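Chain residues, written in single-letter form:
There are 2 protein chains.
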Amino acid sequence: MSKTYNFCAGPAALPEPVMLRAQQELLDWNGLGVSVMEISHRSKDYQELANKAEKDLRNLLDIGDEFAVLFLQGGASLQFASIPMSLLHSGREAEYVENGVWSKKAAEEAARFGKVNMINAVNIDENGIRSLTDSQSWNRTENPAYTHFTSNETIEGMRFSQVPQTNGPLIADMSSCILSERLDMKAFDLIYAGAQKNIGPAGMTIVIVKRELFEQMKFDGLPKVFNYEAQAKNGSMLNTPPTFAWYLASLVFDWLQEQGGVMRMEELAKQKSQLVYDCIDEDDFFTNPIAVKDRSMMNIPFFLKNESLSEKFLIQAQEAKLMGLKGHRSLGGMRVSLYNSVPLEGAQALVKFMREFKTLNG
Amino acid sequence: MSKTYNFCAGPAALPEPVMLRAQQELLDWNGLGVSVMEISHRSKDYQELANKAEKDLRNLLDIGDEFAVLFLQGGASLQFASIPMSLLHSGREAEYVENGVWSKKAAEEAARFGKVNMINAVNIDENGIRSLTDSQSWNRTENPAYTHFTSNETIEGMRFSQVPQTNGPLIADMSSCILSERLDMKAFDLIYAGAQKNIGPAGMTIVIVKRELFEQMKFDGLPKVFNYEAQAKNGSMLNTPPTFAWYLASLVFDWLQEQGGVMRMEELAKQKSQLVYDCIDEDDFFTNPIAVKDRSMMNIPFFLKNESLSEKFLIQAQEAKLMGLKGHRSLGGMRVSLYNSVPLEGAQALVKFMREFKTLNG
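The listed protein sequences correspond, in order, to chains E and F. The first sequence begins at 1 in my numbering and counts up by one. The second sequence begins at 1001 in my numbering and counts up by one.
Chain E on its own, in the form it takes in the complex:
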């Protein structure tokens, strides 16, 4: 039996060794005779797990003590609300850099709570190729409450390879690229990421926030659990956290460290995505509408020149145990997601299949 490779955009594949270990200890964790999900988050055993997970994440991303690291519920979508609700007040304006569906959603949600300057960062040329514009050309806010951008747009497959310049706090949604490339934490004031792509299962969100930013936050009239400062003081346990998701994240962090950390993941992300882009670019059988400089290493939407073949492609891919390739419902076509858990062999198997399909249908 050949192996299944999972290219889902999220909830997405988890590393095989992580899943094997989770399975092995699902009924008896840490010698307790019960599952890790069946014990109190305030127990000594669980606290050690939680603390180690935080320490490992700090190590992986080189996060200093000036940042708090939070493990929260609600998804990135809840952060779309809680960030402006706590930071966007007294008539100030926030900059939202828009380059796809998720950055637009974040901006629209923020606009429900305060003044938002939506900056369109995408240029579409005469051939329909999308590229990110230079931040020098943007219509900037003079003294923004903060600037928000989405490092990697999961649906369009577009990535900021450079951190945008800003003259206020910088906030990034890194849901689909965190831990896949090195970060210079000094550039950021707040980073958040839904877990279900590069961290663990759906139902947890990691927030990395500079403690200095607490001074600019107001929590009156907000749900208590939105209070980033109180969450930081309480080890993300103002209420019961999603303990199993946190545990799986801790296994993922272990695995990442064994693999050689984020630097190794970045090398692999380059290799895997380059394999796919090379296959797309070698002729016009497949297309990808993003300028080379702005292409995502994590999510690659692609289309068949002959669109009528799309369904055949997807059915045959499924038969070849290449799953999760259907494009987002807003774009159609195909999309391959190459998160950390997808091995190089997965990208190789996909490219082999794409070339065979091309030969048979070209």
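Watch out, some of these pointers could steer you wrong.
[Said to hold, decoys possible] Listed next, the in silico DSS-like pairs over lysine-lysine satisfying Cα-Cα at most 27 Å (straight line):
#1 F:Lys1218 with E:Lys224
#2 F:Lys1044 with F:Lys1352
#3 E:Lys105 with F:Lys1044
#4 F:Lys1233 with E:Lys105
#5 E:Lys218 with F:Lys1218
#6 E:Lys104 with E:Lys186
#7 E:Lys104 with F:Lys1233
#8 F:Lys1224 with E:Lys210
#9 E:Lys312 with F:Lys1044
#10 F:Lys1224 with E:Lys224
#11 E:Lys218 with F:Lys1104
#12 E:Lys115 with F:Lys1218
#13 F:Lys1224 with E:Lys104
#14 E:Lys3 with F:Lys1044
#15 E:Lys115 with F:Lys1224
#16 F:Lys1210 with E:Lys218
#17 E:Lys224 with F:Lys1105
#18 E:Lys233 with F:Lys1104
#19 F:Lys1044 with E:Lys44
#20 F:Lys1104 with E:Lys224
#21 E:Lys321 with F:Lys1055
#22 E:Lys105 with F:Lys1218
#23 E:Lys105 with F:Lys1224
#24 E:Lys218 with F:Lys1312
#25 E:Lys44 with F:Lys1312
Hints were generated in silico from the structure; no laboratory data involved. All values reported here derive from a predicted model rather than from experimental measurement.
Once you've looked at the hints, dock chain F against the given chain E.
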């Protein structure tokens, strides 16, 4: 090797057959070759799971179509905020019936968003015995936006065996008793419950809300994901739900139906709790400070008359593989939680241990 029995208050034990099945199919669910937590919540396979879980829960609690059933994130604590934020407006007042730590927390959170009438429902007699007062004696609000009560107080071990009378919408936090006793849904307008006691792992909250109540809700200025009506319209998938928790809940619902449903759970809850209360009440070696009529079937705090023996009790219980018996940090002593997943044999083993301890230390 003897079996471990888990009396944790939450995150709590899950049914053994559920855990075994989850373990078995953790790496290959529904023949997909990947885990249920590694696929899109919008995939056909997952949608079927989600729909079946809702159908099963409706069946278990006899929930009619006039109610929407939601599977949300954020814990009961987030409901403490989103309920008043959506319902408590235009100068109206909400009644909060207070009978323990959690109902007080719910009331305090609501008071941050609107006018709250906190009704103390507990009488403490000269011997320190706590009982629920008659709702006739309460200082009621004439036309409340809603009345909120906590069916079962997890920390104090106190239960409303009768639904309080109300002259407005009735809202209940049933986190620690849902699915352990039959409900007359006609009495309620909104019920919510954190999953980590009787439903599944931490990180999910079930909300059962009468659709009529949407008309009284306002969602302007609230996070989009707080919009109960939109969540209902979108199958609780306004954003990525906690898919693995939802899956485990679906296995729990299957198991409950196989066991004979909520009626059987209620019988067992009576039996299990009676065993423990009988052991406590047979002499003054152990004590429980709740009036018999108001005692919880799910959570039983108890104390040693000779408090200096508490640590020894807890150590020896742990050695006997009776885990999770340490009392809540606010009360000390011991607490046993007897949720649906704790088998009758667990309660019997505990009572046997308690009697032996009594004989040796009495």
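Quiz item: Which earlier hints can't be squared with this structure?
Solution: Result: hints 2, 16, 19, 21 and 24 break, sorted rising.
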